[in-house]
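Numbering (this note's numbering), first residue to last: 186 to 919.
Derived by calculation from the structure, the hints in this document are not laboratory data.
None of the values given here were measured: they were computed from a predicted structure.
Among the hints, a few may not be true.
For lysine-lysine, the following DSS-like pairs were computed, each having C-alpha atoms within a straight-line distance of at most 30 Å [what the hints assert, rightly or not]:
# : residue 1 : residue 2
1 : Lys871    : Lys859
2 : Lys850    : Lys824
3 : Lys814    : Lys800
4 : Lys861    : Lys814
5 : Lys892    : Lys861
6 : Lys850    : Lys823
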Amino acid sequence: MGVRLPEPLLLFLRGTFLGVELPCCTTRHFHQQYAGLRLSYTLYSQASACDVSLIVVLTCVLLVTDDAVLFSHFAACPVDADTGNLSAGTGGHPSGMNSGRGGSNCRSPACPESFREGAQLGVGGSAVLDLRCRAPGGATELRLDSHPCVDVTAAALRRGRPEPGRPEPEPEPLPVCTQPFSHYGQALCLRFSQPCAAGECLQVRITYRVGEGPGVCWLAPEQTAGRKKPFVYTQGQAVLNEARGRCPLSAPDAEAQAWADSVKGGGFSGEVLAGRQAADRAQQWHQRHAPPLPRSEGALGRPIGLRFQPQALGSPGPPPRHPLCILVRRSRVWAEPCLIDAAKEEYDGVIEEFLATGEKLFGPYVWGRYDVLFMPPSFPFGGMENPCLTFVTPCLLAGDRSLADVIIHEIAHSWFGNLVTNANWGEFWLNEGFTMYAQRRISSVLFGPAYTCLEAATGRALLRQHMDVTGEDHPLNKLRVRIEPGVDPDDTYNETPYEKGFCFVSYLAHLVGDQGQFDDFLKAYVDEFKFQSILADDFLDFFLDSFPELKKQRVDSIPGLEFDRWLDTPGWPPYLPDLSPGDSLMRPAEELAQLWAAEELDPRAINAMPTSAWKTYQLVYFLDKILQKSPLPPGNVKKLGETYPKISNAQNAELRLRWGQIVLKNDHQEDFWKVKEFLHSQGKQKYTLPLYHAMMAGSKAAQTLAKETFAATAPQLHSNVVHYVQQIVEPLGR
C-alpha cells in the first residue's frame, strides 16, 4: 500500500549532465559511444518521514564501461500524450526516426514501484542497459562506477536482440563484486560466465538500493527553510551520481537522446504542470523527453505532482492556498511556502529578460522551460544548472535583487556547460570560465559596463584570496588539471576555473579586438559544438580557424601568453581584462577603505562619502579592500561597524561573508557571534570554507569558534562541505 502523502506535495524528476571523470575511457567524444538505458526506481521513507513537502528524485544519464569495451544506446519509449501510455517501436526522435547511431529501441518503459514505507530512508530500483561489445577480441567483464552506499542486490544478463514473435531469452544471473577504484567511489564488476563476442548485443539489468549517502540528500524538517516537513534531493556534481544507485552516472560527456520515464505515487492526486506529461487513474505520471539532438530536453526537471493553481507573476488577487510556485511565460520559480513571497518579489519579471538577452548574444535557448527551485539553506552551491530546472540557494533572496547575477550565471550555463560541455573534469574551465564571461556579457548589456566591471573586480578579489590560501603554484590553479589518483574531481570546484578561465576568454576577446565580432564567434562556437563534450584543444583549434589572421600571427605562441601556458601553468592569470569602466564605482570605495585604514580616522572625510546610495557590489568591493588592508589599527573595525550598521548587521549573504572575514582577521571578538550565526543559517560552500579558513588562521578564540561551530553544524551540511571543513579544522598531522 502506498504511503499517504498529504498536500502540498511537489515531486520533481531531475536529470543532469554534470559529470564524472572517466579515467578508463580512451575515446575523446564519449557522447558518440554511449547512450541510453531505462530505469525503474522507488523512493522509500520511514513512516515518520512520509509527510513530505518537497521531493527531488534521481537523475538519469549514463553508465561508464571499462576501457570503452562496451557501449549502449539511448532509445525512447514514446508517450501517448492523451493516454500516458508508453509504446514500443519508434525510439529516438519524436518523428519515429532513430538517431542513426546503431542503438536498439527500448521495448518497455521505466516501471517504478509505488512509494512505500520502509525501515529506513533509501531509493531503490533497477537500471537496464542495452550494450554492444566493441572489443575485437570480445569481453569477459563489465565494470561500472559505484559507491559504498549502493547495495546491488542482483544483476542479470540477456544475450542477443529479441526477435518479433519469439520469446525473449531467459536472463542469466551475474555474480556481483566490487573492487577499489578511487577514494570517492568503487568499481562494480559484473563477470560473464561466457565471453561476449565482438559485435554481440547484450542487455544487463542491475537491481539496487541506495541508502543515505552523498548523492541523495535526506533532510530533516529542521534543516529546511520552513522547518515543518522533511526534504530529499539529489546532487550529482561532480562525482556523486555513483552514490545514487545504478542510475546512469552523470558525466560531462554523456549523451541523452529521446527517452521516457514514469513515477507512481500512492495516496495523492496531482496536477501535471509542465512538459508532455499525462497521469493515469493509478496516479502514475509519465514524462517524455524527446530531444532533436543529444541532450536537448534530456534533463528531467519537471514538477509533476501538485494540487493547486499556480500564481502568475504579476497577477492580482490573493495568493493560492499552497503557494509553492509562481509563473511567467517559460519560467516558474518554486520554493517552500515560507519563501515564495520573497521569491516572487525578487524575480518577478527579470528571468525572462535574462533569457532573452542570452538568446540575442549566444543563440536560441533550446531547453524549453527555465524553472528555478529554491533549495534548503544547506544546499552547498549558489546554483546548479540542471537543464530545465536550476537549483539555487535561498541566500539569493537578498530583498533588493542585488544577487541576481547568480541567476544570470546559471542561465548562461544553458549555452556554456549544458549545450557545450567539458569532456572531463580536468577542463572544468570550459564550463565555468565561459559561463563567467557570458554572465558578464549579459550583465553589461542589461546593467552597463561600469556595474559589470565592479562585479568582475569582486571576482578578481576572490581569486586573489583563493590563491593566497592555496599558493599560486598549487596544481589546482591551472586551467587544465590532471585528474590522477589522489585528486578528487570535486577539488576543481574553486575560483581558478571561474575567474582565471574568465581572464583567458577575455584575453581571446582582446586578441580579436571587436566585441561584436567576438560575440558572433561565441554564437558560432555554440552552434558548432552543441550537444557535444569537448576539450580545450577542440575549442582553441576552432578559435584559430575562425580567425585566420590571428592564426597566421601565431597568437598561440606569444611569449608569456602562450595558450599552453594559460592551460598548464599554475598561478595568477598572465592577462587581466581592463576594468577601468568601473572606476567611477570602484574609486570612491578604494578611497573610503584607505580612510578607514589610517591610524587616525578623519570623521569629516568619512562622512562625506555617500555610502547610503551605494549598491551592494560597491559595498562588497569596499569590504574587499578593507579585508586586504586588515588588520586595521585598533578600534577601527568597531567604529566601522557602528558607522555602517547596514553592513555589520546585513542579511545579504555577500556582505555577511565579507564582514565575517574582516571580524576574524581583526580578532573583533564581540562580533564573533555573527560569524557563528551566518554559518548556522546556510551551508553554501563558497561562504562556508573561507570563514573556516579565516577562523583557523586567526586567534585561539577564533579557532575554538571554528571547532565549536563545525561540531554543531556538521549534521546539516552536505557531505562534500563536511569533508572540506574537516580538512581545514582537523588537518592530518595536527
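Outcome of the hint check:
1. Lys871 to Lys859: holds, 17 Å
2. Lys850 to Lys824: Distance of about 16 Å is within 30 Å: holds.
3. Lys814 to Lys800: Distance of about 22 Å is within 30 Å: holds.
4. Lys861 to Lys814: holds, 23 Å
5. Lys892 to Lys861: OK: Lys892 and Lys861 at ~11 Å, within 30 Å.
6. Lys850 to Lys823: holds, 13 Å
Violated hints are absent here; each numbered hint is respected by the structure.
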